[in-house]
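Number of protein chains: 2
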Amino acid sequence: MQPLTGLKVIDLTQVLSGPYCTMVLGDMGAEVIKVEKFPSGDDTRRIGGFEDNYNFNMVNRNKKGLQVNLTMEKGREIIYRLVEKADVFIENFRPGVAKKLGVDYETLKKHNSQLIYCSISGYGQTGPYCQKGGYDIMAQGMSGIMSMTGETDGRPVKVGIALHDTAAAVTALYHILLAYIYKLKSGEGQYIDISLVESGLAWTVWEAASLFSKGEIAEPNGTRHRMIAPYQGFRTKNGYILVGAANQKLWELFCKHVVEKEEWITDPRFITGNDRVQNVNELEHLIEDVFSEETSEIWLQKLESVGIPCGPIHTYAEALQNKQILSREMVIEGKHPRGGMMKMLGFPGKMSKTPAQLRSPAPLLGQHNDEILKELHYSEAEIRQLKEESII
Amino acid sequence: MQPLTGLKVIDLTQVLSGPYCTMVLGDMGAEVIKVEKFPSGDDTRRIGGFEDNYNFNMVNRNKKGLQVNLTMEKGREIIYRLVEKADVFIENFRPGVAKKLGVDYETLKKHNSQLIYCSISGYGQTGPYCQKGGYDIMAQGMSGIMSMTGETDGRPVKVGIALHDTAAAVTALYHILLAYIYKLKSGEGQYIDISLVESGLAWTVWEAASLFSKGEIAEPNGTRHRMIAPYQGFRTKNGYILVGAANQKLWELFCKHVVEKEEWITDPRFITGNDRVQNVNELEHLIEDVFSEETSEIWLQKLESVGIPCGPIHTYAEALQNKQILSREMVIEGKHPRGGMMKMLGFPGKMSKTPAQLRSPAPLLGQHNDEILKELHYSEAEIRQLKEESII
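Chains as they are written, first to last, in the numbering used here: chain U, 4 to 395; chain W, 4 to 395.
Don't take every hint at face value.
What the hints assert, rightly or not - Lysine to any residue pairs mimicking SDA-like chemistry, simulated, CA-CA at most 25 Å apart:
1. U/Lys11 / W/Lys188
2. U/Lys356 / W/Lys112
3. W/Lys135 / U/Ser330
4. W/Lys305 / W/Ile268
The set of hints was computed from the structure by calculation and includes no laboratory data.
Can you build the whole structure from these sequences, using the hints too?
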């Protein structure tokens, strides 16, 4: 048994935030029915120009696929029948669209009063911006996270991953689990409202502390720490590495045994931690002059040998070939019905009794139509009729 | 009743990843006992140089404070008594330290066979790197996320927030909830192993899809989208804004009604979406020439009036003054026993029946020592004795 064995999830989400959330529910044992719009399905099926593409398959494993035309009454009827037996319903339409389609909380609650209903949107279901469409990049701009990422005095840069999409995914996920725990105890369902902007914003705790306590606005500063130096990325002969000489003892070890510049310890620019922060531009310059003479591998060995926190700045390809990451099964393989074997990212949490499991690949569009409708007691004739009417 | 009312959590974590996780457990009703080391407490109490500082108070609300000297047998005895009545134990020591202190899973399981025990570490509890200390910045370098963030051909830059710390926090959180659900159903506890590196790495799904399917390595490109242009940040007269003209129709609207440069539509450099991606440097230059004539506010109005996705790039101060963010109660206030009223970030999930609640401020160091020990049936004389022996 997995933790969510027996949990039934009706998933009307697409692209990344919702699908990532329901993927984890599926990884942990839930029965997830992914409902895709007729005729084109999840927009992600089209990224890159072919139907069953890699992006889609990465975040839709462990789900069954149902394709339904929600603009037709008979299509909605399928959803209502599904909802009667479900625990969780999740959607990431622009606010208002679920109501237009007849699959909003007020409507579905009539079909299942114990339903847990989760909405994911750019800005949330209330407030002056709630009708705006919101994508990950706009959320990065709204939350201020983009403005604190980048080079000092440089242009703003985005976080390299879809930060707010994944933040919304896991925020929706843990709220659904909380609501399920409450339902197990009380028998009651409820409505959950998750936004991309707030999900990422909630993680800016250090930055909020600085703003609220001292009025300091977090600004970009490359890879540098705001209060410690040297604690940042440095260029070497063949790339960049991270060095964190976080206190006076480590700084002196660094001067003596890593760069072999004992004179820096008594250099008036670098005497105290605060001096080094004030003169970090010069310090960076001097360190990179020395670091340019050897490769990253050699500097990391020297740093490790004297116990100074350090690490590589992997390219993404290096990250996924790293022996630690591979030993932790962060790259797994599964069979896809069309593509053959495909690689996927593994599971980030290791549970001793109830590990996440790859039970099935992502569904083809409408792959489980017949199976799901039969479970809902549609007859073969009715199913044929639904197909003829372009409902499924 | 809140979802986690009745859940007892013994929290031996410090700094950010663990405390953020247990803060959310507390926000949702759990009884969290934060155990801090004798004599100095959570390292975060010292950031900025004074004991009860803002960073600490931001992520430790809704917890009780117990201070214990874990290097002494009598200190460990307190933990064992706490664990007997607890559901969850969580720690973020470097792997191996919990065992040295006598609070590892094998030991605590003997005191409570149903315990859910969660460890958070930099690289995980297994594998060739497991003994290394890992901080957020090293995790950003390891996972490859740093290498895909920044300007094209620029230096790597870090994500502006402690991405891997918060990733580990919410990954630990949802696994603890999963284990609790399993415990509610089966009566069994288990061990959970969470790493900073993997928690963030698990979110690189689009980047992994590109690597696995096409061998493409995600690289930094400022704020630009890899497959669409113009879809990025642009400089205006007084700052930067985001524009997402994601298809041909939006591009033509942009040319005609926003920048009023209809000739760009037929410019051979910008005919198709692919042309615009190929010539994005020139396109950015031309657009910024026009955008430099007016303020961000005016450009955003024009873009919105024709329905082109767009948004501001807020400074962090602007983000926390934004009317949408304030209307969603993302800035809340609570009373701290020493500091008076203090602002905090609000709750990112809105649950209709069981909302998160601010029940108490962060504890002072050892604030609930007496209360907690009395509940464990220590007598007043024993408590006095423990204080004399510097155990609490």
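Here is what the structure says about each hint:
Note on U/Lys11 and W/Lys188: the hinted pairing holds, with a Cα-Cα distance of about 16 Å set against a maximum of 25 Å. With a C-alpha separation of about 14 Å, the suggested pairing of U/Lys356 with W/Lys112 holds against the 25 Å cut-off. The suggested pairing of W/Lys135 with U/Ser330 holds, with an alpha-carbon distance near 15 Å, which does not exceed 25 Å. The hinted pair formed by W/Lys305 and W/Ile268 meets the criterion: a straight-line CA distance of about 18 Å does not exceed 25 Å.
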